[in-house]
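**Student:** So the chains spell out like this:
There are 2 protein chains.
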Amino acid sequence: MTGFPTLVTVDEALSTLFDKTKIHEPIVENVPLEESLGRICAEDVLSPVNVPSFDRSAVDGYAVKAVDTFGASPTNPVTLSIAGSSHAGMKKDEIPEIGSGQAVEIYTGAAIPVGADAVVMAEYVRKHGDGFVEVIRQVHPFQNVSRVGEDYRVGDVVVEKGVRIRSWHIGALASLNITRVPVYRKLRVGVLSTGGELVEPGEKVEEGQVVNSSKPMLKALVIENGCDAVDLGTVEDELDVVASRIAEGLKKCDMLIVTGGTSIGERDVVPEAVNRVGEPGVVFHGVRIRPAKPTGAGVVDGKPVFMLSGYPVSAMIGFTLFVKPLIEKAYNQRPAIPHKIRARLTRRVPNQSLTRSFVRVKVEKTATGFVVEPLMLTGSGLLSTLTKANGILVVPENVEGYDEGEEVEVELLDHGL
Amino acid sequence: MTGFPTLVTVDEALSTLFDKTKIHEPIVENVPLEESLGRICAEDVLSPVNVPSFDRSAVDGYAVKAVDTFGASPTNPVTLSIAGSSHAGMKKDEIPEIGSGQAVEIYTGAAIPVGADAVVMAEYVRKHGDGFVEVIRQVHPFQNVSRVGEDYRVGDVVVEKGVRIRSWHIGALASLNITRVPVYRKLRVGVLSTGGELVEPGEKVEEGQVVNSSKPMLKALVIENGCDAVDLGTVEDELDVVASRIAEGLKKCDMLIVTGGTSIGERDVVPEAVNRVGEPGVVFHGVRIRPAKPTGAGVVDGKPVFMLSGYPVSAMIGFTLFVKPLIEKAYNQRPAIPHKIRARLTRRVPNQSLTRSFVRVKVEKTATGFVVEPLMLTGSGLLSTLTKANGILVVPENVEGYDEGEEVEVELLDHGL
Chain A
1 MTGFPTLVTV
11 DEALSTLFDK
21 TKIHEPIVEN
31 VPLEESLGRI
41 CAEDVLSPVN
51 VPSFDRSAVD
61 GYAVKAVDTF
71 GASPTNPVTL
81 SIAGSSHAGM
91 KKDEIPEIGS
101 GQAVEIYTGA
111 AIPVGADAVV
121 MAEYVRKHGD
131 GFVEVIRQVH
141 PFQNVSRVGE
151 DYRVGDVVVE
161 KGVRIRSWHI
171 GALASLNITR
181 VPVYRKLRVG
191 VLSTGGELVE
201 PGEKVEEGQV
211 VNSSKPMLKA
221 LVIENGCDAV
231 DLGTVEDELD
241 VVASRIAEGL
251 KKCDMLIVTG
261 GTSIGERDVV
271 PEAVNRVGEP
281 GVVFHGVRIR
291 PAKPTGAGVV
301 DGKPVFMLSG
311 YPVSAMIGFT
321 LFVKPLIEKA
331 YNQRPAIPHK
341 IRARLTRRVP
351 NQSLTRSFVR
361 VKVEKTATGF
371 VVEPLMLTGS
381 GLLSTLTKAN
391 GILVVPENVE
401 GYDEGEEVEV
411 ELLDHGL
Chain B
1 MTGFPTLVTV
11 DEALSTLFDK
21 TKIHEPIVEN
31 VPLEESLGRI
41 CAEDVLSPVN
51 VPSFDRSAVD
61 GYAVKAVDTF
71 GASPTNPVTL
81 SIAGSSHAGM
91 KKDEIPEIGS
101 GQAVEIYTGA
111 AIPVGADAVV
121 MAEYVRKHGD
131 GFVEVIRQVH
141 PFQNVSRVGE
151 DYRVGDVVVE
161 KGVRIRSWHI
171 GALASLNITR
181 VPVYRKLRVG
191 VLSTGGELVE
201 PGEKVEEGQV
211 VNSSKPMLKA
221 LVIENGCDAV
231 DLGTVEDELD
241 VVASRIAEGL
251 KKCDMLIVTG
261 GTSIGERDVV
271 PEAVNRVGEP
281 GVVFHGVRIR
291 PAKPTGAGVV
301 DGKPVFMLSG
311 YPVSAMIGFT
321 LFVKPLIEKA
331 YNQRPAIPHK
341 IRARLTRRVP
351 NQSLTRSFVR
361 VKVEKTATGF
371 VVEPLMLTGS
381 GLLSTLTKAN
391 GILVVPENVE
401 GYDEGEEVEV
411 ELLDHGL
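From first to last, the protein sequence lines stand for chains A and B.
Take the first sequence: its letters are residues 1 to 417, numbered as in the working numbering.
Take the second sequence: its letters are residues 1 to 417, numbered as in the working numbering.
For reference, chain A alone in the conformation it holds in the complex (with noise of 0.2 Å):
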């Protein structure tokens, strides 16, 4: 192959690999809570109680009948005898009930005597020593009583199917006393390396080898999106043998990804080797994109193999546009809200006409705001620009450039500067 006969754009891509594959959501494994983090939700997780169970209060104070405390104030306080106390953990038939012109001291958590609807906060009464208090500030019904459920009705969902389990779900559930958790079986998504020219990370590099940087970093990037990651190895560009890799890994994986030998001008087995594996084979192949344009996927038994360049650069934005989507989609995961930055360019970037450019840049905060360094330098794929920038700049097919000092919009990779 020596060219790309049909160059797509990213969004027809993505709406053939999702039109082809079938995506089936993985098994569900009920785990223990604590090994519950970070795993991705597979069900709906509802709330099994009332939340509070019972009419409870807000503050430390006296619970009263609201109505009795209408128009109190410093200077016309209202009066009222103490019927008892009611503490957080007392059994219900130890509270006492309250009438009118009455009030029964309340802790933070405590249940609502039956009579009483609201409590006075403890700075806004007076004590006496001999059974009564004096309330300064009238209270609306409820004011301050936590109600019945407020928190979570019982069959309110917790957790969400496809959300990733963070620490305060965990703090949510354990509140709820669920102590097992729903989750996805971890997706396998086998990573295979072709390329004569590889040798693999910690052997000696002979003049004319490469080290397989790809694969280790592929792998990192399936774990960081919640898969495991299957090694298939390095393999020679030899159709056979690259075939009959992506025949096996096919049988022990969700999805494959296949890096190396797509460019133009190089021997180009992987294609082949996909359409020989099963049909349909390969969907697209060549992306109006810059860089990582020679990427591109197939299809078979519903299962998406992705052709992935080998350079760690261009694999980087072929794994983001198109295997983290389908990932996301298996998961039922929302995507996430891009962590966006608006700031000033201190050079100019320039764009070639129908492509979707993806500009590695590093963001600074000056006096003045915050710049953008666009990290071009000649090569798209240069290496450094995978550790000295800090974000992305996206320039959309129907922009020509941006100038130097034009305010853009980039997207942060982590969270430092």
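Identical copies look the same in the list; a pair holds intra-copy or inter-copy alike.
Derived pair list, reagent style SDA-like, types lysine to any residue, alpha-carbon separation capped at 25 Å:
(1) Lys186 <-> Phe18
(2) Lys204 <-> Ser53
(3) Lys252 <-> Pro280
(4) Lys186 <-> Asp228
(5) Lys91 <-> Gly208
(6) Lys329 <-> Pro280
(7) Lys340 <-> Gly162
(8) Lys340 <-> Ile392
(9) Lys340 <-> Asn390
(10) Lys204 <-> Glu34
(11) Lys388 <-> Arg39
(12) Lys388 <-> Arg166
(13) Lys252 <-> Pro182
Worth flagging that the hints you see were computed from the coordinates, not collected in a lab.
Let chain A serve as the given structure and place chain B on it in line with the hints.
**Tutor:** Relative to chain A, chain B alone:
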């Protein structure tokens, strides 16, 4: 203790903490590249080589002397004779040198021949069958050439100390054939719960008992922040017991978190216990914030002992304000740039004078932009705000509140709306 003798501001509390603690940098471990994912880099990792190690072509085309192409255009092409070709992986002595009027066919990544100083892209060259090419666009010296060390020079920092290692760092390190990475041994953070009313998740909850939800949540927070969580158990509010558990915990941990027993009006053995264990003991107790006002911290033998509320929402705020910054300091991390969004309030948010309030909010996208709904209800510590909120609105000490419809800046908690 029936009140907090001295409430301090967040800034005063933090400055006291930084002042009194002796934060030791954790031990450095050298781990295999793939195991370094998510760990904190403990030393600047330097490039051992120049990348590229030689001047190489950034495109497919023809290597030339730039001066030979000056003035070239489609109507005034420059004709050069082909002196051979240069492919990626060829040895130096296999690559032809060029003289004036000559060109060498070259592929991306291949070495620039001796004598050449620029590359004309293939699309600006018309090929003849007779060993000549016509160049139709001029190039300047070093155009389309990736120069020695342009990407990394020997000694350039590839990953900075204090950075959490992500997939892209793995890619860059692998490319440089760096296979072991210095990372910090994980800090050991002990979590101890106090309170006779607590039962562990999964146990039967009798009247007056509460599930211990803060411990699993805090352990998850510790893990999310790159540390090992050490479970120090749950004990009754008995001074001797609490003090001895703290003393034991300090032997095996770098810092401790103790929850419960810090509210006004409750029996408050934790500060007493901290003071008994060692010097200087409690350094602050009671912070001008809402919720989480009863937060405190002590220092023993230079190690911080955080005293957080047993209520999960307050515990989380206490962790974020005080524990997280100390972890970041030990790891030499730069604080993350918060992910903020501007949006309009759906209702008024009041604030108490001199108090910094942390209002959990739900940010939603509407047809007219983002809106912010404060999830305050009766108690600011409601459990459901842990899972319903996707953002936090900080109301500073000098602001009396925000009005309905006012535009405020909200920090997003997780990237989903």
